[in-house]
Structures are given as structure tokens and as C-alpha cells.
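Number of protein chains: 2
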Amino acid sequence: MTAIDELVKLLKKLPGMGEKSATRLAYHLIATDSNFNKALGESISKLQEKIHPCPICGCYTEGEKCPYCDDENRDKTILCVVEQAQDTLSIAQSGVYNGLFHVLGGAINPINGIGPGSLRLKELKERIENGNFREVIIATNPTEEGDTTALFIRQLLSPFENLTLTRLASGIPIGGDLGYVDKLTLARSMRERIKL
Amino acid sequence: MTAIDELVKLLKKLPGMGEKSATRLAYHLIATDSNFNKALGESISKLQEKIHPCPICGCYTEGEKCPYCDDENRDKTILCVVEQAQDTLSIAQSGVYNGLFHVLGGAINPINGIGPGSLRLKELKERIENGNFREVIIATNPTEEGDTTALFIRQLLSPFENLTLTRLASGIPIGGDLGYVDKLTLARSMRERIKL
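Going line by line, the protein sequences match chains A and B.
So the number in this note's numbering is just where the residue sits in the first sequence, counting from 1, plus 583.
So the number in this note's numbering is just where the residue sits in the second sequence, counting from 1, plus 583.
What the hints contain is simulated information worked out from the structure, not anything from laboratory work.
Some hints here could point you the wrong way.
Unchecked claim - With a cut-off of at most 25 angstroms between alpha-carbon atoms, the simulated DSS-like pairs for lysine-lysine come out as follows:
#1 A:LYS595 <-> B:LYS659
#2 A:LYS595 <-> B:LYS596
#3 A:LYS592 <-> B:LYS766
#4 A:LYS621 <-> B:LYS629
#5 B:LYS659 <-> B:LYS629
#6 A:LYS596 <-> B:LYS659
#7 A:LYS592 <-> B:LYS595
#8 A:LYS621 <-> B:LYS603
#9 B:LYS621 <-> A:LYS621
#10 A:LYS603 <-> B:LYS596
#11 B:LYS778 <-> B:LYS766
#12 B:LYS778 <-> A:LYS603
#13 A:LYS596 <-> B:LYS778
#14 B:LYS621 <-> A:LYS633
#15 B:LYS621 <-> A:LYS596
#16 A:LYS629 <-> B:LYS778
#17 A:LYS629 <-> A:LYS659
#18 B:LYS603 <-> B:LYS621
#19 A:LYS629 <-> B:LYS596
#20 B:LYS778 <-> A:LYS592
#21 A:LYS596 <-> A:LYS633
#22 A:LYS708 <-> A:LYS648
#23 B:LYS648 <-> A:LYS633
#24 A:LYS621 <-> B:LYS633
#25 A:LYS633 <-> B:LYS603
#26 A:LYS603 <-> B:LYS621
#27 A:LYS621 <-> B:LYS778
#28 A:LYS595 <-> B:LYS603
#29 A:LYS603 <-> B:LYS592
#30 A:LYS596 <-> B:LYS766
#31 B:LYS603 <-> A:LYS596
#32 B:LYS603 <-> A:LYS629
#33 A:LYS766 <-> B:LYS592
#34 A:LYS592 <-> B:LYS648
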């Protein structure tokens, strides 16, 4: 197997990468500055040596604690539960959230063998028990798996009577067009309509 | 800059990779088996140590000559001129071509400063002079740049009177639908219609 074939085989395992796009990318890399390839290759191969999950929230970090848990200015009484570490980025960048995060590491999906035991749900309960939270925002994806996980968390946290549980609103995206919105989204935005 | 930010910055330089997809890919890689990342990283960083252009045709190879030039069973009297090395793969895989290749390394594009001198056109003329070719198929892309390059090659090779010059047919893709084909393609397939 040549070096190109080998690279194409590896690239094809990346998400959204088929035979054609992997081949195209491999040929692009051959024609690229070799210093760039050295930097990129090094960066990929040493990634996990540098980065590990934060022991508290599960976000990725290079330090002992992640930047969110380590930030004194964040509101320690509000917790946002997400499926994946990268979801914290999107939420932090939206600019309207200044609390802490909790990464589950996925969503309940019995078909793929992901039960509640595979997720960081025990850690979530422990954080609520030992912390001083007033609100938990469940920010799992608006999918069947995310909704199931949200329901599971509602049950899991129901013993904490003073805790407010909320969920991100679903509906028509800003700038969206009713004619192009899928019917499930439209149904949900109708069911969860808000009073003006 | 953290290791993730650094990786995202590098990934963003790849073709078709924006901020979002680079971030998504970086997080995918963090969650991947570290042995895979080591293999991929190594493969990328050492790519150019192993691969170099074939001195005859310009395809990429690990050996002295490329597999096409080295193949005794290929027809040495027909030459297919392409823009990029990866184009040879697509043509070879179509299964209807068994001649040799010549890689130009791009197409004439004065706006981007790519003149005839930047392409392997001198090498093309030399191959025709010293070889025993009866036909040259110009397989540059059906774009403005590819068409300009094809015209330039036609002039370049006009002194060779016994040489047949051809060009890949352009038109409606197989399985295509007239209603969805762009008007330039349709115009071209009309202009270059063939007799039944």
C-alpha cells in the first residue's frame, strides 16, 4: 500500500469523509507546504497527550480544571447539562450564559447500547448533592435520544425540591422560513408556543 | 493557545473546512482512539518524505517512475493531459483509458498569476518530440481556465502534423435531468451535439 493509499484509508474514517473527499484531501496535502503537514500531523498525533477531560465537568482541558470550572466570575448556582464537550463552546459563544457546565458524554440510545450507565449521570447527581445549584438547564439535543435523556435527568433530579429544571426552547430558527421548516420542528414550536 | 485551538487553526486551512467543521473535527479527534491519531498524524507529517512527482509524467509516486509510466501493458502512443495528478485516478478508474498521462500542475489563470510558464507545458512538448504518440487527449476541466489551457496546447502542438488532438466531451452528466442542468452545460451539450 502506498503512502497515499494509507493516508486515504485513515482519512476515510473521519466523520463525513468518503472515498472522493479523502482522496481529494490527500492530494491537497501532498501539494501543500511540508512544514504545514508536519505541524498538522504533530498536532493530531500528540492531541491526547496534552488534553484530558476536566474531572469536574467533563469538558476537555490541558490544565487540572477546565477554564469554566476554574473561572471565579462564573455563576456557580446554575448548571447547564450538555451531551458533548463541544456543545459548551456553542453555548459559551452565544454570550447569554455565565454558569457552569456538565458534559454527559452522549445521550441515551438503547439501540446503540448507550444506557444511562454509560453517561456521566452519577457525577451529575453528585454535583447537585454537593453543590449549591438553584437551576439546572438541560441542553441535550432536540432529538429522540436527547429528549429521552432530558426526561431521565428530570426523574433523576426530582428529589431535589428546591432545584429548578429547565430545557432549551425548540422551534423555528431565527431567520427561518415557515415554508422550509420541517413539520416536527413546526409542531414543537406550536406546542411550546409562548405568550406575548 | 491550547492544543485544541492550535489544531482547529491548522484544520481551518484545509480546503472546505470552516470554523465549525474544523472545531467539530478537532473534538472528534480528541474522542478518538489515540493510536488512530498517531497513525494519521504520522501519515500526514511524513507524506512528502515518501512521495515525489514522477520525473516523466508528473504523477505522484514513491518509486523512481510512477505506476503508469512503469506499466509495460499501457499504450505508449496515446497521451492524456490533465490538470492535476488526482485527475489521473478518476480517468484510470473509468476503465476506458489505457494510455499514458501528463500532469500540467494546474491550468492557465492569469488572474491568479498562473501563466503557461508555471505549467509543465515545455515537458509536454519534449515528450511529444521524443516519443511516438499518435493522439493527445486534452482532459483539462471544462472551465474557463481549462478551456484556455486546451487552446494553448492546441497551438503548442500544432507543428506535429501527424498527431491527433482530442478533448473530453462535455455535456449533461449520465443520469442527469435537463431541468437541473445549468445553462452553460446545456448550451455546450447542444453546440457539441453528436450525430446518431
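Tested hints:
1. A:LYS595 <-> B:LYS659: Violated: A:LYS595 and B:LYS659 sit about 34 angstroms apart, past 25 angstroms.
2. A:LYS595 <-> B:LYS596: holds, 19 angstroms
3. A:LYS592 <-> B:LYS766: Given pair A:LYS592, B:LYS766 is violated - Cα atoms ~37 angstroms apart, limit 25 angstroms.
4. A:LYS621 <-> B:LYS629: Holds, at about 7 angstroms.
5. B:LYS659 <-> B:LYS629: violated, 33 angstroms
6. A:LYS596 <-> B:LYS659: Roughly 38 angstroms separates the two Cα atoms, so the pair is violated.
7. A:LYS592 <-> B:LYS595: Holds: A:LYS592 and B:LYS595 sit about 21 angstroms apart, inside 25 angstroms.
8. A:LYS621 <-> B:LYS603: It holds: about 23 angstroms lies between the C-alpha atoms, which stays within 25 angstroms.
9. B:LYS621 <-> A:LYS621: Satisfied, since the Cα-Cα distance of roughly 13 angstroms is no more than 25 angstroms.
10. A:LYS603 <-> B:LYS596: The given pair, whose Cα atoms are some 19 angstroms apart, holds under the 25 angstroms limit.
11. B:LYS778 <-> B:LYS766: holds, 21 angstroms
12. B:LYS778 <-> A:LYS603: violated, 34 angstroms
13. A:LYS596 <-> B:LYS778: violated, 46 angstroms
14. B:LYS621 <-> A:LYS633: OK: B:LYS621 and A:LYS633 at ~13 angstroms, within 25 angstroms.
15. B:LYS621 <-> A:LYS596: holds, 14 angstroms
16. A:LYS629 <-> B:LYS778: Violated, because 61 angstroms separates the two Cα atoms, which is more than 25 angstroms.
17. A:LYS629 <-> A:LYS659: Violated, at about 33 angstroms.
18. B:LYS603 <-> B:LYS621: Holds, because 23 angstroms separates the two Cα atoms, which is no more than 25 angstroms.
19. A:LYS629 <-> B:LYS596: Holds, at roughly 19 angstroms.
20. B:LYS778 <-> A:LYS592: violated, 44 angstroms
21. A:LYS596 <-> A:LYS633: Holds, at roughly 23 angstroms.
22. A:LYS708 <-> A:LYS648: holds, 19 angstroms
23. B:LYS648 <-> A:LYS633: violated, 41 angstroms
24. A:LYS621 <-> B:LYS633: holds, 13 angstroms
25. A:LYS633 <-> B:LYS603: Holds, because 22 angstroms separates the two Cα atoms, which is no more than 25 angstroms.
26. A:LYS603 <-> B:LYS621: It holds: about 23 angstroms lies between the C-alpha atoms, which stays within 25 angstroms.
27. A:LYS621 <-> B:LYS778: violated, 54 angstroms
28. A:LYS595 <-> B:LYS603: Roughly 19 angstroms between the alpha carbons, so the hint for A:LYS595 and B:LYS603 holds.
29. A:LYS603 <-> B:LYS592: holds, 24 angstroms
30. A:LYS596 <-> B:LYS766: Since the Cα atoms of A:LYS596 and B:LYS766 sit roughly 37 angstroms apart, the hinted pair is violated (cutoff 25 angstroms).
31. B:LYS603 <-> A:LYS596: Distance of about 19 angstroms is within 25 angstroms: holds.
32. B:LYS603 <-> A:LYS629: holds, 22 angstroms
33. A:LYS766 <-> B:LYS592: The given pair, whose Cα atoms are some 38 angstroms apart, is violated under the 25 angstroms limit.
34. A:LYS592 <-> B:LYS648: holds, 23 angstroms
Figure legend: structure checked against the earlier numbered hints; hints not met, in rising order: 1, 3, 5, 6, 12, 13, 16, 17, 20, 23, 27, 30, 33.
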